[in-house]
Amino acid sequence: SSLRALGGYANIFALESFMDELSLEANMDAVDFRLMHLSDIRAKNVIEAAAEAFGWPGNNSKGVGCGLAFGQYKNIKTYAAVAIEVEVTDNAEIKLRRAVIAADAGHVIDPSGLIVQLEGGVIQAASWTLYEQVLYDRGGITSRDWDSYPILRFGNVPSIKTILMERPGEPFLGAGEATTGPTAAAIANAVYRATGLRLRRLPLTPEAVKLAALS
Numbered sequence: 015s016s017l018r019a020l021g022g023y024a025n026i027f028a029l030e031s032f033m034d035e036l037s038l039e040a041n042m043d044a045v046d047f048r049l050m051h052l053s054d055i056r057a058k059n060v061i062e063a064a065a066e067a068f069g070w071p072g073n074n075s076k077g078v079g080c081g082l083a084f085g086q087y088k089n090i091k092t093y094a095a096v097a098i099e100v101e102v103t104d105n106a107e108i109k110l111r112r113a114v115i116a117a118d119a120g121h122v123i124d125p126s127g128l129i130v131q132l133e134g135g136v137i138q139a140a141s142w143t144l145y146e147q148v149l150y151d152r153g154g155i156t157s158r159d160w161d162s163y164p165i166l167r168f169g170n171v172p173s174i175k176t177i178l179m180e181r182p183g184e185p186f187l188g189a190g191e192a193t194t195g196p197t198a199a200a201i202a203n204a205v206y207r208a209t210g211l212r213l214r215r216l217p218l219t220p221e222a223v224k225l226a227a228l229s
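Going by this note's numbering, the first residue of the sequence shown is number 15, and it counts up by one from there.
One or more of the hints may lead you astray.
What the hints assert, rightly or not - Cβ pair distances, simulated, as ranges:
1) 89 to 121: 14 to 24 Å
2) 224 to 53: 35 to 45 Å
3) 40 to 109: 24 to 34 Å
4) 126 to 104: 33 to 43 Å
5) 29 to 165: 20 to 30 Å
6) 183 to 212: 34 to 44 Å
Read the hints as simulated data drawn from the structure, not as lab findings. Quick caveat: nothing in here was measured; it's all calculated off a predicted structure. Glycine included, C-beta positions come from ideal geometry on N, C-alpha and C.
Kindly produce the complete structure, drawing on both the sequences and the hints.
Shown next, in the form of structure tokens:
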């Protein structure tokens, strides 16, 4: 939990991945399952808005899958739902096709600034989720350059559509890192629908996908 987002990234990845697994066990749509277990109308509204704008359940076929995840940052700040479509190539590389964000940050003073913050969170979290890890050997850290510590590049940044829920007069809600956790879980949930593989350890590298396929 020392990573940026104060644990929210890893915790929401785990929680929202498990919510998807539970929805499958219940034989329910992932969005319907979440809505059934939420009482907060603002949480429901962002999930419904993201699903509608995305065209949920989207295109789920061999090698292509869609996932959705939700989180409320620190349980008291911005509500955010993220839906993502991925393609998993024959080489087990995960390509991000498109993403939709729906967010409720209360009364919004600077919509453009908020959109940039939310979309930047998706891009940063996608980099963590797909690429970033610090590697060690007995002598210390071996991830010392961009070859050994790869990050997301422009070629794998998805198109992003962002929807802001209008809440004039409501209290302002912090939105600094609201999309990081939902992004990770949405990607993992999409990979499951594309491949049938449930990956529970980050990052979701081609090697991790291949290992999951073997096991």
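Each hint, compared with the structure:
1. 89 to 121: 14 to 24 Å: Holds, since residue 89 and residue 121 (Cβ atoms, about 19 Å apart) stay within the stated range.
2. 224 to 53: 35 to 45 Å: holds (41 Å)
3. 40 to 109: 24 to 34 Å: holds (30 Å)
4. 126 to 104: 33 to 43 Å: holds (40 Å)
5. 29 to 165: 20 to 30 Å: For residue 165 against residue 29, whose Cβ atoms are near 25 Å apart, the range 20 to 30 Å holds.
6. 183 to 212: 34 to 44 Å: At 42 Å between Cβs, range holds.
When held up to the earlier numbered hints, the structure conflicts with none and fits them all.
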